[in-house]
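S.K.: Just so it is clear: in the sequence shown, position 154 is 154 by our numbering, and no numbers are missing.
Some clues are possibly wrong.
Claimed, not checked - Here are the simulated distance ranges between beta carbons: (1) Gln154 <-> Tyr85: 30 to 38 Å; (2) Pro157 <-> Pro126: 13 to 21 Å; (3) Arg79 <-> Pro157: 15 to 23 Å.
What the hints assert, rightly or not - Each computed SDA-like pair below joins lysine to any residue, with the alpha-carbon atoms no more than 20 Å apart: (4) Lys188 <-> Lys83; (5) Lys83 <-> Gly63; (6) Lys188 <-> Arg202.
If you are wondering where the hints come from, they were derived from the structure by calculation, not from laboratory data. A quick note: this is a predicted structure, and the numbers were derived from the prediction, not measured. By construction, the Cβ of each residue, glycine as well, lies at the ideal position given by its N, Cα and C atoms.
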Amino acid sequence: MARALSSARDRLVSGTHQGKVYPGEHQAIVTQELWDQAHDIMRESPRVRANLARRQTPALLRGMIFGPDGRAMSPTHTRKRGKLYTYYVSQAVLKGTDSGCTVRRISAGEIEAAVIDQVRALLRQPEVVIGTWRTAQAEAPDMTEAETREALEQIDPLWDEFFPAEQARIVRLLVERVEVSPGGADIKLRLDGLASLVRDLRSSPVRQAA
């Protein structure tokens, strides 16, 4: 890959004739700095690129994450020494009434990654497969349990290849509510959302990231 990229850039700034390379007399269309940056990005794995893009995506769990008091936690961020830190913060903290609050704030990156991991694990649970199948049959009576299981199994191995926007769409389709407490996080799934996704997967292949 690196050799191909280097060769491609050389062709932008030089010419060839009968197998010989002649230096170009015009300026390079792409600067060396920009070329190197693009080269570095292309050398990263799809998972690394997805994680980076996800950090630049608006709050994944906005409106879906709730604290121990039952109130929604709000996304916020701060920047220290040029680095961006994102959080979900309790309403008690935002309103200055956080006395006794057991979960004041939580790292957005950590809770979002935890939710994604739990969703991927839940999609493999037999009770979720059966519940999704029964819900899907309301719109697709001919759908079988095996088809439902196969459709759900498509998601996990391809997850890291999805665009961040596609990951966000799936999470919002599948997750109804995330409740955080000092002991961890509980996720409530939308079976109707799962059923809708299964019907989509049944009719067309899962779209992958380029």
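S.K.: Against each hint, give a clear statement of whether it holds in the structure.
M.R.: For each hint, the structure was consulted:
no.	hint	result
1	Gln154 <-> Tyr85: 30 to 38 Å	holds (34 Å)
2	Pro157 <-> Pro126: 13 to 21 Å	holds (19 Å)
3	Arg79 <-> Pro157: 15 to 23 Å	violated (36 Å)
4	Lys188 <-> Lys83	violated (33 Å)
5	Lys83 <-> Gly63	violated (25 Å)
6	Lys188 <-> Arg202	violated (24 Å)
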